[in-house]
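Since the structure of chain A is provided, determine the placement of chains B, C and D on it from the hints.
4 protein chains.
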Amino acid sequence: MNSNTFGRLFSFTSFGESHGPALGCVVDGCPPRVPLAEADIQPRLDRRRPGACRFVSQRGETDRARILSGVFEGKTTGHPICVLVENQDQRPNDYRQLRDVFRPGHADAAHAAKYGIRDHRGGGRSSARETLARVAAGAVARQMLGAFPETAGIRVAAGLIALGQVRADPAKWDDSAIDANPLFCPDPAAVPAMLAALEETMRGGDSLGGVVEIRASGVPAGLGEPVYDRLDARIAQACMGLNAVKGVEIGDGFAAARASGSANNDQMRRPASGRLEDAFLSNHAGGVLGGVSTGQPITARAAIKPTPSISIRQETIGKDLGNVEISVAGRHDPAVAIRAAPVLEAMFWLILADFFLLRRAGENRG
Amino acid sequence: MNSNTFGRLFSFTSFGESHGPALGCVVDGCPPRVPLAEADIQPRLDRRRPGACRFVSQRGETDRARILSGVFEGKTTGHPICVLVENQDQRPNDYRQLRDVFRPGHADAAHAAKYGIRDHRGGGRSSARETLARVAAGAVARQMLGAFPETAGIRVAAGLIALGQVRADPAKWDDSAIDANPLFCPDPAAVPAMLAALEETMRGGDSLGGVVEIRASGVPAGLGEPVYDRLDARIAQACMGLNAVKGVEIGDGFAAARASGSANNDQMRRPASGRLEDAFLSNHAGGVLGGVSTGQPITARAAIKPTPSISIRQETIGKDLGNVEISVAGRHDPAVAIRAAPVLEAMFWLILADFFLLRRAGENRG
Amino acid sequence: MNSNTFGRLFSFTSFGESHGPALGCVVDGCPPRVPLAEADIQPRLDRRRPGACRFVSQRGETDRARILSGVFEGKTTGHPICVLVENQDQRPNDYRQLRDVFRPGHADAAHAAKYGIRDHRGGGRSSARETLARVAAGAVARQMLGAFPETAGIRVAAGLIALGQVRADPAKWDDSAIDANPLFCPDPAAVPAMLAALEETMRGGDSLGGVVEIRASGVPAGLGEPVYDRLDARIAQACMGLNAVKGVEIGDGFAAARASGSANNDQMRRPASGRLEDAFLSNHAGGVLGGVSTGQPITARAAIKPTPSISIRQETIGKDLGNVEISVAGRHDPAVAIRAAPVLEAMFWLILADFFLLRRAGENRG
Amino acid sequence: MNSNTFGRLFSFTSFGESHGPALGCVVDGCPPRVPLAEADIQPRLDRRRPGACRFVSQRGETDRARILSGVFEGKTTGHPICVLVENQDQRPNDYRQLRDVFRPGHADAAHAAKYGIRDHRGGGRSSARETLARVAAGAVARQMLGAFPETAGIRVAAGLIALGQVRADPAKWDDSAIDANPLFCPDPAAVPAMLAALEETMRGGDSLGGVVEIRASGVPAGLGEPVYDRLDARIAQACMGLNAVKGVEIGDGFAAARASGSANNDQMRRPASGRLEDAFLSNHAGGVLGGVSTGQPITARAAIKPTPSISIRQETIGKDLGNVEISVAGRHDPAVAIRAAPVLEAMFWLILADFFLLRRAGENRG
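Protein chains in written order, with this note's numbering: chain A, 118 to 483; chain B, 118 to 483; chain C, 118 to 483; chain D, 118 to 483.
Any given hint could be a false lead.
No distinction is drawn between identical chains; accordingly, a pair holds when it is met within one copy or between any pair of copies.
Cut-off 20 Å, straight-line C-alpha distance, at most; resulting in silico cross-link-like pairs (EDC-like, lysine to aspartate or glutamate) [said to hold, decoys possible]:
| id | residue 1 | residue 2 |
| --- | --- | --- |
| 1 | K436 | D395 |
| 2 | K289 | E480 |
| 3 | K436 | D217 |
| 4 | K192 | D217 |
| 5 | K192 | E480 |
| 6 | K436 | E190 |
| 7 | K192 | D157 |
| 8 | K436 | E480 |
| 9 | K436 | D211 |
| 10 | K436 | D292 |
| 11 | K192 | E155 |
If you're looking for bench data, these hints aren't it; they were derived computationally from the structure.
One chain only, chain A, in its complex shape (with noise of 0.2 Å):
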């Protein structure tokens, strides 16, 4: 598996740069026969877009997802599908200026180290952008779930919980919130709060983190395969792996850390179903024991820094390590956690996609 390939059987390869020709990715692995078109793809890729609303980059794209393979008559064919979608507002002088600097918090000096080259513009590889061809892959993941009779039922629902210091409230989680709202916040009387938190914040030139819910219901046990490849091992790897994640929990997350055994242990009861999901009479695991589904709930979070990209004046340095003041303007997020919801939530999909196909390879009810 490469470098920018996610998944062993349902698997994408991501490509592209922030202001090159396109950006797009290759979804491997997909069953034939899944109804697939671009109309399948492109809400997704709307609700993650720049431009959407004013806490969100302003950068114009429109975001237009092409399919230039792998479907016939509006079913895949099981043959790699690959999603291209043209960047139009690229502003390549917007970045002139960084050509030689290291932003803070930004991969800039660490990825020069490593290459020795690096296409500064918006980030070049490593600038949120990117993160559309997970989304387009992430679509084409909740297709074909949806295909299959045993994963139709899943749902997948990534909420903002937290904004800087201002918290929504986990028990008011709901769903048909989250698009009501620009924030995708599924705890609507938290939205004002945060509102005010962000306008404060753009106001000083500053930026602020937050923390995404993402939340699956509907999905089968069985699925994730230990030792390694676990399903929380891989949700874990899937959220740092998006930018600005600095942490991970499930179900319980570091709050089990500080329990007793006794107030941890999810308890289980004859279920009247006759579903071992609905034997337990918590869920303080989220969904996932011995790195396997157990048909509860799935529950996740990833914390997300502050955009490091802020007008605030900062020390840094450039390429020749001498010294720079610099004070970054420009069309970005401010805060990148927002438009982090779809992009995790598009991950679950891929995640669950992936698992489902290597339960369907490996099991034996004979």
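For chains B, C and D alone, coordinates are given in the frame of chain A:
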């Protein structure tokens, strides 16, 4: 890459069950001519061995490592290295009562749903005993990195920084303290309170969670592969891939989500040494930017849930989904977090070894 | 590694169908700072292009390659390189009659059994048109190897050494002759007879098979990974992975099976140059021993069956398994072996690039 | 996938050297609940065992297989299966004279160039003794395929069809004859001439090459993954990945290159049985079209060079590149082709097992 294999170039495959004849690993991809003997592996295994003190499982195993292949006249040959540990203190009958019962908080129910067959003896494949394979492989990785000038200066230390409600002071971290107490705690001042909490918990038949921090210094810049195989993503996968881990943080972790960009960015100044890693004025990032090491110390934390096996009576179900009450007696760790420290250390060595080889393959300084 | 990906470190993923909007590849793992432009790829594509002469498919494609990512200011960045070729001369209606018919000797029946859906237009994914992705990726591999001193001297040439019953004289192999005739034949003396055989076959509405030999010189010793990822095993996989190839030989190939050990062994004498490759007194092995390159020229041959599309009437069945008589008209190559030469050459570059990076990763000359 | 691992879903990793303590394999990806015991593996190992008759190496090994993991109460658990064989008749001192000499036709020189260190004892890792890992893993694959209704009817047989200049008659192939003679020859009529050739060669201190044919029947249609991981490409890789193999053919192989399309195409007629595999009027393709099985018998041939170890005196060089004369005494097979048959059979089982699981993962008959 298969489920029981970890790593792309420097990889290992683990096998074995808690009460089967043996456990072990096959390390593949280790360069030739690295000095390696059983004496380089044994001390690492001894640190995680059960029975080492009264606060861990009392199972009587010597965990004697035999190298079966890949070493010739004291040096690696470039061929796969199999390290085998035969089980000696198997007591399968101790587990007879658990044959048809799903222990709360354990993999039992999920794995039964997945496989339809289950080696119930001491957790079978999902036993913490599997981690000796990781420790053995990690010892080979450590040896390998020690053999190359650029990585010979790497130091990795993992310590228990929280046990239940007791927290060590991160500022008092002392590498040399870690092996001087039975809890692998880097802050000697925190040990008495931790021990007291442990004693009390054991008396009550309950268990405790904890947090392990891992610190790696001397890591060269440029390790890690954007986009999906980032250094931090792989760390997250490896930590979450360990039994009982429910959360992972890199650098400031969840605290970064509450910070502003101006506070969280690591500003830089011209380094007198001319080395990038000396330019940073802080290390909120934990040594990783854009998925790639910066040369600063890498810091990560893993949240570990309390041992699910407790003697307090709990409600659960059996294979037939019928109700059972269970009290898990036996040779269990009161806090699995304690023995996680040597294992997480090993995983760090393995990750660094793999990314070091990947960087050697891909670099072009021409 | 996914089905449409080839290579472990220097890898590429191919996508696209014969009559879809576009075909292309994503090359991952190319080191940074390698000079690369579309002009380095285009000439390689032009060599395998349909319509180049009257003995190959007359489809009118310019096969214009666009680099969409991974190159910045004329150099690779270390990030994935997407090369896209848009189809221009799609004529899906030409294939309407083939929609429900399984052409003899083609993938049609097997793929219908596998996928239950099939893009019948020009073979869809199983069209020889897919090989342009290999040629584009091979051009990148060639460019990469040219950028490192140790591999800059590698030369790869593939030539048609047999067409139907006509055989070229291997002793008269002349690299420079290959591009001087439309058949990629390295022995000019054999060309007239080959052309005559081709004319006659075309007149009869039939097709011919052939043999392509590939020779690589200047390959450093030590490439290839025992035990399963041997240089010769990978060559065999790559050759047999090309449409219509039914046999592969390395060095003396099947003739070695009839030889005695004393005749087949390549004896050695002290090399005046001090270089291992100069020690061998013969090269029955074809440059590979124990799966690893010796520094001698690598030689391989691929046996290619006659184009299955012929206008001679044949018996076959349709999707409903009912009887059909078929005469395949259209723009087919009378001998697919001809255009296989540039593709096999590309595969050699790709294999050598991958093993070169693998050797860099694993070597220890300390 | 690492160099010592074969397979994507049903995979195995091999380890061990000819004169080290042990050899073995770790099979990963075997579905649970497959009946498996050491008695299913041992007979396969016994067939390839040295010392079984006077025409193979006289090394005295019992090759006793121990299953160390992955089996519980007579069934696989879905976890990795380690099979270990301890070496018993190590005679490292027999090889002392070869320590610094490169035997002609062996891996010695190439491996020395690659690794800079070499376990010279009996070929070390490049010994044919490594193939016992393949045979053990193949026995597990065979057992697994036997446990699923769709694949329970698969039969694989490999036989020696040529030894030196002596050729068996393919038309007289008789599966049951293979184990009735010490050469694994499927044509009893050819055995006397083969034995005579062998005797004469041994008297002269020389060795012979040979050809092994492998036939698999009962293989369901739809196995194999276009484009790069084709069934025939994988067969080619596996055959060429065996010591001493220099050529591979599928179906008509090199003869197809001399045929016309009208003669080589396998025409089809409506199958009375309604099954695709019964539609074909011939099997020039060897059961594979477009990289995918058609349901017809799969046929392949591997050309195996003569054993390079001969007692006839030969010129060679040593580690210091100086001239040496060498006569290789010891316990060598006069024709490695003989013992290749059981190994190639095992590789077929492994390939079919892997593609069967891949097909289960990817199919959609909904």
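Hint check results:
{"no.": "1", "hint": "K436 <-> D395", "in the structure": "between (58 Å within a copy, 14 Å between copies)"}
{"no.": "2", "hint": "K289 <-> E480", "in the structure": "neither (38 Å within a copy, 41 Å between copies)"}
{"no.": "3", "hint": "K436 <-> D217", "in the structure": "within (5 Å within a copy, 50 Å between copies)"}
{"no.": "4", "hint": "K192 <-> D217", "in the structure": "between (47 Å within a copy, 17 Å between copies)"}
{"no.": "5", "hint": "K192 <-> E480", "in the structure": "between (26 Å within a copy, 14 Å between copies)"}
{"no.": "6", "hint": "K436 <-> E190", "in the structure": "between (51 Å within a copy, 17 Å between copies)"}
{"no.": "7", "hint": "K192 <-> D157", "in the structure": "within (12 Å within a copy, 36 Å between copies)"}
{"no.": "8", "hint": "K436 <-> E480", "in the structure": "between (53 Å within a copy, 18 Å between copies)"}
{"no.": "9", "hint": "K436 <-> D211", "in the structure": "within (19 Å within a copy, 57 Å between copies)"}
{"no.": "10", "hint": "K436 <-> D292", "in the structure": "neither (46 Å within a copy, 34 Å between copies)"}
{"no.": "11", "hint": "K192 <-> E155", "in the structure": "within (11 Å within a copy, 33 Å between copies)"}
Taken one by one, the earlier hints fail for this structure at numbers 2 and 10, listed in ascending order.
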